[in-house]
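**Student:** Please model the entire structure based on the sequences and the hints provided.
Note that the protein sequences, when read in sequence, are chains A and B.
With the first letter of the first sequence counted as 1, position 159 gets the number 159 in our numbering; the numbers rise by one all the way through.
With the first letter of the second sequence counted as 1, position 208 gets the number 208 in our numbering; the numbers rise by one all the way through.
Simulated from the structure, these hints should not be mistaken for lab results.
Any copy, or any two copies together, can satisfy a pair, since identical chains are not distinguished.
Result set (DSS-like, lysine-lysine): computed pairs, CA atoms no more than 30 Å apart in a straight line:
no. : residue 1 : residue 2
1   : K195      : K21
2   : K269      : K285
3   : K79       : K195
4   : K58       : K21
5   : K340      : K179
6   : K259      : K285
Number of protein chains: 2
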Amino acid sequence: MAAELDRKSLTIAVDAMSGDKGFAEAIEGCSLAIEQGLQARLLLVGREDDLQSATSHKNLAGHPVDIVHADGIVAMDEKPARALRRCRDSSMWAAINSVKQGQTAGVVSCGNTGALMAMARLQLRMIEGVHRPAVSALWPTVNGHAVVLDVGANVEVDAEQLVEFAIMGEAYFRALTGKDRPAVGLLNVGEEDLKGNTLIRNAATILREADPEMNFIGFVEGNDISGGGIDVVVTDGFTGNIALKTAEGTARMIGAWVKEALTANLMAKAGAALMMPSLKSLRTKMDPSSVNGAPLLGLGGLVVKSHGGAEANGIASALLRTESLAAHPFLDEIASTLTKVRERAESVQVEDETSSVAAE
Amino acid sequence: MAAELDRKSLTIAVDAMSGDKGFAEAIEGCSLAIEQGLQARLLLVGREDDLQSATSHKNLAGHPVDIVHADGIVAMDEKPARALRRCRDSSMWAAINSVKQGQTAGVVSCGNTGALMAMARLQLRMIEGVHRPAVSALWPTVNGHAVVLDVGANVEVDAEQLVEFAIMGEAYFRALTGKDRPAVGLLNVGEEDLKGNTLIRNAATILREADPEMNFIGFVEGNDISGGGIDVVVTDGFTGNIALKTAEGTARMIGAWVKEALTANLMAKAGAALMMPSLKSLRTKMDPSSVNGAPLLGLGGLVVKSHGGAEANGIASALLRTESLAAHPFLDEIASTLTKVRERAESVQVEDETSSVAAE
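**Tutor:** In structure tokens:
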């Protein structure tokens, strides 16, 4: 594996105008990231008048920061096709362009996902042979995090795309954690080889036979995602999106129940006061901002999507993740593994007929 | 709507031998259900020698209880097709047969789901026009419960099946809660009409145009399931199974974190002691046994599947739910609504081409 790059030699672009919270939050996020150890140079992209204040901001004042002016802002509800035509003067377009020009090693944006994906595809192209970018989620588990993909970009997929997701997710997890052979599983309705539909069984066959270097553990179920035994969970964008939002809804509901229990009466409040430190660590574990920032995988450059409503701490997480990824040759790894697996997959026998086997 | 039946006039069959915990747990579950208000007569099906003890058991002694002997037991890992051929002497077969013969109004089994479904289809047949039974889950929400279906029986579905699930789920929820017009939603990757795939958009069109009596609210997302605004969430068995298990995994992980916070140190333990009553109510909310017991919907008779590992309190929940459902004419409601909607659906225009629109 190639060595990591020196982080100080990198520049990260920040689309500072997109997102629900505006440029002030983006600047605050940059400041927080520096406080938390970010070493890369920053390129803030947006309205010069708004961003000038950043240069005198506490942590940014002593850090290498450049500003590139861009007048336009892509609205959060802009249609991707329209954004492509009408928003070439936007901070989003210019920030992605800095990656294309080799001026920056990656970009973070809190903007409209569809527009970001469309602009990134047009400017950075896809890695050869990848159909469409995949969106991944960093998913809390009992002992760390798993990467789950796709979580929304690809509603209908074929077996080859699931194989692509597996390869991209594996490289992404390796870049994030340094783990050499992450455990990769295919999300299904049962663990037995016969479960699920033809699509998913064919993807399993291809991964098993054409990518022997991968630590592919076969089918996994919904409850395994947070179980801690799998590093990369592969699924189509329909199922992945619903699983992710279902988990978020469940966490929110239980969080509300816990809060209710902690504040139900005076005794409970007194009890909660005593447990303050351990509750704080619970709150940290349940805080979604720590997992904010996911690369759009499959693009020919590094584009990290931050949640539209992310606050400074979420933006800081996304920036630090982007810096780690930019320092790692994971995009090259993806391209070379894809080529290798695709060649070998040509001789793999898969099922022709479509058939399905139920969960029970 | 037809009036409910007098519960004392009903008999419920209990497949007392299937399930991981054996007949003693089933008897304990019956006892607990009687303590909690069950009025129906019970028909315990299984080995007479084992079940005789039930007649002298505390709550069962004063309750109308019959025993029907059946020698065989369907193993939890028995293949459905093999169970159909080889296990005609089993408690499961005999318990379902009591429904077929009109001797009981419904059956509860903790047994092997595949075998239960196969035996029930063969003996009770499907409601006219229903493809396959659907398995539903009772899902905790911020303000009660939602019904989610299918959660595993039908890995691949067509638009007509999603419409069936909606109609069956609506009638089931109405029978459970008395709510006249439950809110029904179709699980998708976004709320806009254009999201998702052709299958799901066609199901929405049919529901909107052919079932104007239904309170169909359109597309809902994963986080809406526990949000409290929807009563019936309709999805295919692949997505539903994964969503359900993902939610279970998330709840288990957060439960472990909460426990950790409550026992982290002496101060936390002292705090937890003070909050005991409110923690107890939290534990009740998170206890899966209260939602145990789901009817296999679409069959020509009432068959309620209890979790294989259910303990007495879970079995009691399933029994009480079966009694409520047996008292309610919901199977007739399903049949008549299906007929009506199917006639009207013939003139509904749906999309021919397949196409999909992503989440973002």
